[in-house]
Amino acid sequence: MTVIGTAALNAPIYVRYQPDIEDELTRLSTAIGQTPLLQRYHPRWLAIQLLEGDSGLLTEVQNAPNGAPVLQVLNDSQARLRAIYNEDIDVILTDQRYRFVNTLVRRVLTRPATQRETLSDRVDKIVTHRLLGIPIFLALMWLVFKLTTDVATPYLEWVEEAIGGPLTNQLVALLTLIGLDGTWVESLVVDGIIAGVGGVLVFVPVLMTLYLALAILEDSGYMARAAFVMDRLMHILGLHGKSFLPMIVGFGCNVPAIYATRTLETEKDRILTGLLVPFMSCSARLPVYVLLATIFFPAYSGLVVFGLYMLGIVAAIGLGFALKHTLFKTKDRVPFIMELPPYHLPTLRGIWTHMWERTASFIRRAGTVIMATSILIWLLMAIPTRGDGAFADTELDDSAFATVAGVVAPVFAPLGFGSWEASGALVTGFIAKEVVVSTMSQIYGVAEEEEAAEPTTLVDDLGQVVTSFAGATIDTLRAIPLIIGIDLMGTEAEDEAEPAGLMRAAQSNFEVSSGGHGALAALAFMVFVLLYTPCVAVIAAARQEFGNRWMWFSVVGQLVIAWIAALVVFQGGRLLGWG
Amino acid sequence: MLQQVLRAFEEAREPLNLVDLARQLDVDQPALEGMIAYWVRKGRLKESQATASSCRAECGPTCASGAGPCPFIGKMPRIITLVGTEE
Amino acid sequence: MRNWTIALAGNPNVGKSTIFNGLTGSRQHVGNWPGKTVEKKTGILKCAGQELTIVDLPGTYSLSAYSLEEQIARDFIVLERPQAVVNVIDATNLERNLYLTAQILETGIPLIIALNMCDLADARGIIIDVAHLSQLLDGIAVIPMAASHNHGLEELKQALVAYVLQPSQQQAA
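Chains as they are written, first to last, in our numbering: chain F, 1 to 579; chain B, 1 to 87; chain U, 1 to 173.
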């Protein structure tokens, strides 16, 4: 390598500032040169630091004997320069240093013509494109939900069979062994815990698939682009851009999304975003959609789930737009710069960690909150308030739960789901959205008393679990190519198997309450679940972050919006002759 | 240079990507980072990044993800905004 | 013979440590900066009958004393006044690195630029006109290097020795 410029290094080289600044630097250096104690510093360097307002060195000058004349010159210089530049002097000096460097670089550096276009840049040009960005986001989300519903369904059925068959059988056998069969304890275990907690755990494969897809999108760096694209849309609509980041968090769970609004600058923006976050469909709502969509729209369940998520986004943006022009008027729209992290291939380990942590959180909730609510609901369903039933042996229609839920039911009658069963599930759903599913599973599970199971052995049961898992895997593998529209297996138009047990009970219940428009009522029900209060934890978070007043505003607003939207879906659909 | 960065923030009409801003100003991205760091220190720009916080402390018992950080907050992109233009 | 001190300055992660090790070999002393918890590495470079003390300054982006590292680097250059500063620069990242250079120039301490990672810059097709850079900086030494491949280390040593053997430096000594 050739060494350049072995010339003397001794000639001083400086960044040359604007003449007016250089004048002041000369004045200051001279004054510094006349102060003996400051002579350990290079005068021009010290002059620059003092002009830039370095507090440590300023103190040193103040403490130096004969420092006063230097301070005098400094004050005069600063006053003159401030009058000229109308800006902090360190900004001016730093700016000129950067200009010096930039000029230097422009003169000595040649970049290859193609270097600026990295692969990441090229992908971003398409993915964050002004027009293509949003359709790409929508297409990816559609793929996610298609994957979630199609791929996970066989496993869902497997878990359902495993819990409903072998697990229940073995537990009942155990209870029989200790002489508790036929007592309220068996009812608590089977109709309370297994139906409730089990009814939620059935959806673990669905949630895992969703978390897997989200983890891939996050770890690859795509989610940041999605937020960027959506933020730009929101910005065009006059909304504060940065809002969409918390909202993307909301896809997983609304609670951290509420806390994530802290990244916004003003209280107004924080509250506004906090009001919109609950419309982002969190993962706990997914089981409700999947359950009802499989019953009522078996061929289009992916599309229905996707549609609901999109409706949530549209509702959030629409409400944001309305509020921004009424309660939350501000002049400024603050643009911002986002660092889009470079794309990278997600690691299996990273994706697994993400997916597992979230799934574990879902399972833990099933074991705690859902367990407690299931027991409480079982208790309410076990207490007779009418008729001649006894504790844990009463017609459901006569139970305390039916009585209480029946009071609320008329409110939902115009929406097509005015039964005590549906309204009961919605009322308990305030606690958490999984509870809607666990309650339904408890109600419809009991309503559809299963035929007396034949006694089975543990070995038979385990064998059944294993073989049906293999069957589920085969079904899933067959489902994957179908997602992108390739029919590898020449799948025979899968004749829709008659929905069994729980599903049949739910179906007939919706048919009755809607006067024969079951599917429409179910759709309205899902829209209501999407839009009304997500869970008590979100209410608590909203209260902590925004205060009581906004918390109530949020809860009441969501109920009203959910009710109206469900009404529009049900009545509008009926007018149009759907369902 | 430094002032052009601030002006670019003031004049932006929509959210910008850091890479695009560097290209627009014709500076290297790392050099731009240096200038942004300067303005952040001066209090004219603000950087923010949502970070995962402990779930137990914030979400209460219904979240129940254990004591660890909330699993639902992934790595959030860094955002830089102008300070002091809001009411 | 006089005791020469040369400071090694540069941004973080520009290969400063590699160059430090290359210059001093095993003749190193590791301690802390007085009163600070920041590591201080000094070493001896023996070359052409000369002995130079090399001090590795903490990696910093500027000399503005906003952080402990910047404070240490700045105080050493300004108060200890080494005979020269070797400013290690990442050739792939010239613009950000040169800001520190501009600030070191202002201290009035003679400067040598070690333009490191030239191999990476080459690979990316970045062409730096080293002669022109030197010329624009009033002829200071700019030494292209790829320290991780031991390229340019000898040249840097030569430049340091040539510098201390200059007539003007010899007079000062």
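Mixed in with the good hints there might be a few duds.
Residues from chain F shown here face chain B by an in silico Cβ test under 8 Å; the list is partial [to be verified]: (1) Q78; (2) R82; (3) C253; (4) M338.
By construction, these hints were calculated from the structure, which means they are not laboratory data.
Cβ atoms here follow ideal geometry from the backbone N, Cα and C, with glycine treated the same way.
Now for the hints, and whether the structure bears them out:
Annotation: Q78/F was flagged as interfacial toward chain B, and the flag is violated, the nearest CB pair being 17 Å apart, outside 8 Å. Taking 8 Å as the C-beta contact cut-off toward chain B, the hint placing R82/F at the interface is violated, the least distance being around 15 Å. About 4 Å separates the beta-carbon of C253/F from the nearest beta-carbon of chain B, less than 8 Å, and the hint is met. The restraint placing M338/F at the interface with chain B holds, with a minimum CB-CB distance near 5 Å, inside the 8 Å limit.
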